[in-house]
Amino acid sequence: MLLQAEHVTHYFGGLCAVSDFNLNLEHGELVAIIGPNGAGKTTIFNLITGVYHATQGSIRLGDVELVGKTSNEITALGIARTFQNIRLFKELSVIDNVRIAQYGQMKYGTWEAMFHLGGYQTEENRSIENAMNLLEVFKLDSVADESSKNLPYGMQRRLEIARALATHPKVLLLDEPAAGMNPSEIGQLMDFIRWIRKEFDLTIILIEHQMRLVMGICERINVLDFGATIATGVPKEIQNNPRVLEAYLGEGAEV
Amino acid sequence: MATIPLEGTTWRTRWKARWDGLMAKRWMLPVLLVVGFALSFAIPQFNLVNQYVQLILIYIGINVILTTSLNLVNGYMGEFSVGHAGFMSVGAYISAILTTQLLPKALLPYLFPLEVLAGGLVAALVGLVVALPSFKTRGDYLAIVTLAFLMIVKSVFENIEAVGGPRGIPGIDKLTTLPWTFFWTILAIWVIRNFVYSRFGRGVLSIREDEIASDLMSVNTRQVKLQAFVISSFFAGVAGALFAHVLQFISPRVFDIIKSTDILIMVYLGGIGSIAGSIIGGTIYTVLLEILRPLGMWRMVLMPLLLVILMIYRPRGIMGLREFRWFVPLHDLIGTKLWRRKKEASDAPAS
Amino acid sequence: MSTAEVLLSVQDLDISYGNIKAVKGISFDVHEGEIVTLIGANGAGKSSTLRGISGMVPYHGKISYRGKDLHKTAADKIVAMGVAQVPEGRGIFGNLTVLENLKLATWQRKDKVEIARDFERVFTIFPRLKERLKQLGGTLSGGEQQMLAVSRALMSRGSLMLLDEPSMGLAPVLVREIFHVLREINQAGTTVLLVEQNANMALRVANRGYVLETGTIALSGTASELLGNPRIKEAYLGG
Ligand SMILES: Nc1ncnc2c1ncn2[C@@H]1O[C@H](COP(=O)(O)OP(=O)(O)OP(=O)(O)O)[C@@H](O)[C@H]1O
Ligand SMILES: Nc1ncnc2c1ncn2[C@@H]1O[C@H](COP(=O)(O)OP(=O)(O)OP(=O)(O)O)[C@@H](O)[C@H]1O
Ligand SMILES: [Mg+2]
Ligand SMILES: [Mg+2]
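Chains as they are written, first to last, in this note's numbering: chain A, 1225 to 1479; chain B, 24 to 374; chain C, 205 to 443.
Chain A on its own, in the form it takes in the complex (with noise of 0.2 Å):
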């Protein structure tokens, strides 16, 4: 078992918003978490991630437990994620975009940092080669001295991919990254998460409300309502599970 959470519950004051949850992530597997607007997806990577710490329950990444721990702490054991609303530094260059999430892969202490000695200048020049090479990969080397801001949306979504990544995840938490992509975008979208999760040797989790994507990539899905799970299985058997229907694709969905 690679990640495992374990009734994991949340709440905002009085607000349950995510309420036993419990999921077993295999390594190498595809799965969604797809439901209502409002029903505690993003907020159950917070808590994975720790922006938030489960009021209940237990996360676990192999034997570690996450509940407790800083982001920073647990992007280092290898969880990256992206953001449901871009959150990239917008000032800041595209290089400099990855070059920040190195940050825990890089050695050099204090004291070099501030006289530029020991191993401050080959791990740098490898941060630069290692983004561009990364960078390169997104087809964002072209644009790597712009400011992140100045891109548009779609290099964006890309841009926070490529960040994720430079943390060296083993597992990919993606929220919503289809959204703002027209229909042929996210069929160019369908066959790069499938790529870079074999190139990465990913594990992945995403969270989407295009259910083309979901459908087509995902092995598992998960249904969450109001914080709750309400149906688990392959794409099949969700489709056409009358209580997701209700709640969520509403009658007559076309997916």
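Read the hints as simulated data drawn from the structure, not as lab findings.
Where hints are given, some of them may not hold.
Stated by the list, open to error - Once the Cα atoms are required to be at most 27 Å apart in a straight line, the calculated BS3-like pairs of lysine-lysine come out as:
1) C/K266 / A/K1363
2) A/K1373 / B/K360
3) C/K266 / C/K225
4) B/K360 / C/K266
5) C/K437 / A/K1373
6) B/K365 / A/K1363
7) B/K128 / B/K197
For chain A, the structure is supplied; the task is to place chains B and C with the ligands on it using the hints.
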């Protein structure tokens, strides 16, 4: 000489081309440093400029140290500290006590660098104590905590009779010389610039942009914030020590909120998140204050007015978020270009 | 439709950010009572066009609304003239509550009774908002924020609505609901200029459409023409 196209260009683009040409010559920087250092000895030695100008040069150096170090916290990191005068006073008092009470007079000129270092270190330690609670949680407590700190240090010094209480410490030897000022200024700029262009510095920038995202991208935000704040306090202490030994008299009133405000103005005038901006801001403000001195009280009306005008036309200050290329390490400046060239070279034979 | 009065006219619109030319001389009209949609790939210049119309970015060219040139008109004046909008990135006030956000949208309306009725209407469309009147806008989920942005545009009762991807981040049920509402408000007399990635849905509610490619209009026509066009199918409808 490289030819600059003159036809069809405005004076602006022409000057920009000249400027860019100058900035491209990176060997100029070490040359300027050596010349500057030599001058800092020569000027007092041969009285190349009068005493008054020499004094202003020293104040420029001190103010540049203060501005650069505060810029690390307020500009690069995007927090808001108003306590810089407080850290400065710690450095000033520690070194002044060493000079006037503890160290043998004969050795003073030789021990002066150690005094400055001691002032900086104690200020750094105090900085750590202030930073620990302020950075425990996310949020904007720093302004309030540093304001409280500023008032506390002031009343602490006011109430310790051994350091003169409200009257302060008079008769401090004038140990701050032009060469020493030059040395410490360059050291401050160099260390802070080095820090900014390191993984920690990028962490500092990312905290300004989005602290939660920064944490999620593996940056140890708490550690990075502490580092930046401690380095910043250290150099404030250094500046305080230099200041005490040129003013020759310090009292708690010298380091009040007005002093902090002066430093803030220099930072926002020169430009947030910029070493070059800090140097420009510190220099212009010091010089302006002197030029406008005859205006007396009106100065206090004119300076804020200037600042307001600047904020309207250049809200991030003169150099806001921009940098002289001289100050950017080579790999950061041309790393991406080198990578592209290397790639082209390796692609070419393959096809 | 073309017999109706021209409500919004855009001529030779040029928008650039520094060296980047985002919109290169496009012209189009929106007639009273129409739904017109702008579709196109990422970075084609759709949002920039809307930002130009609402006075948020400087531009060259001529944009007129009800015959009045908007070039010298400030953004808030344009809103006051009856141009409501859902901007890209939603533009809600994160530190205000849901209720405060909604009330702000009605600041220039005097008709108390109608306002109350409009509150009820958006609450019927988005019951979630009614449950969360006191929650801060910034803590809403992505989709809830989108609901709030759309509600605000509805509440301001403009006669022209500029919508930048109103369906973004909404669950499938709600996406259909949004398009349904669009048709409704349109029948009630509001003219709509709609930017959508979901070109399929957009073209089904729209009367006419323009296809933007790298800042120019590559194609235009009635919605059904565009829906039937094989090139559009290939590029924007996902084959
Ligand atoms: N900080 C917070 N304070 C109070 N309520 C919150 C907070 N964060 C989220 N919520 C509420 O918790 C619920 C779950 O939010 P979450 O962001 O997880 O939804 P989601 O499933 O991601 O929805 P969407 O599909 O719209 O993005 C929402 O109703 C939201 O309003
Ligand atoms: N603030 C900005 N600064 C610099 N360039 C920008 C800015 N906003 C947009 N651009 C550029 O202008 C071009 C058009 O952008 P615009 O946002 O209008 O596209 P769009 O059609 O709305 O795309 P999307 O579907 O991704 O929202 C893009 O190349 C983009 O990079
Ligand atoms: Mg969400
Ligand atoms: Mg857009």
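Tested hints:
Between C/K266 and A/K1363, the direct Cα distance comes to roughly 36 Å. Violation of the 27 Å bound is thereby established for this hinted pair. Proposed proximity of A/K1373 and B/K360 is supported: the alpha carbons are some 21 Å apart, at most 27 Å. Between C/K266 and C/K225 the alpha-carbon distance is near 17 Å, which keeps this suggested pair within the 27 Å criterion. Distance restraint check for B/K360 and C/K266: the Cα-Cα separation of roughly 41 Å exceeds the 27 Å cut-off, and the hinted pair is therefore not satisfied.
Of the pairs offered as hints, the one joining C/K437 and A/K1373 is violated, with about 31 Å between alpha carbons and a cut-off of 27 Å exceeded. This hinted pair checks out: B/K365 and A/K1363 have alpha carbons roughly 17 Å apart, not beyond 27 Å. Note on B/K128 and B/K197: the hinted pairing holds, with a Cα-Cα distance of about 12 Å set against a maximum of 27 Å.
In the structure shown, a violation is registered for the earlier hints numbered 1, 4 and 5, in ascending order.
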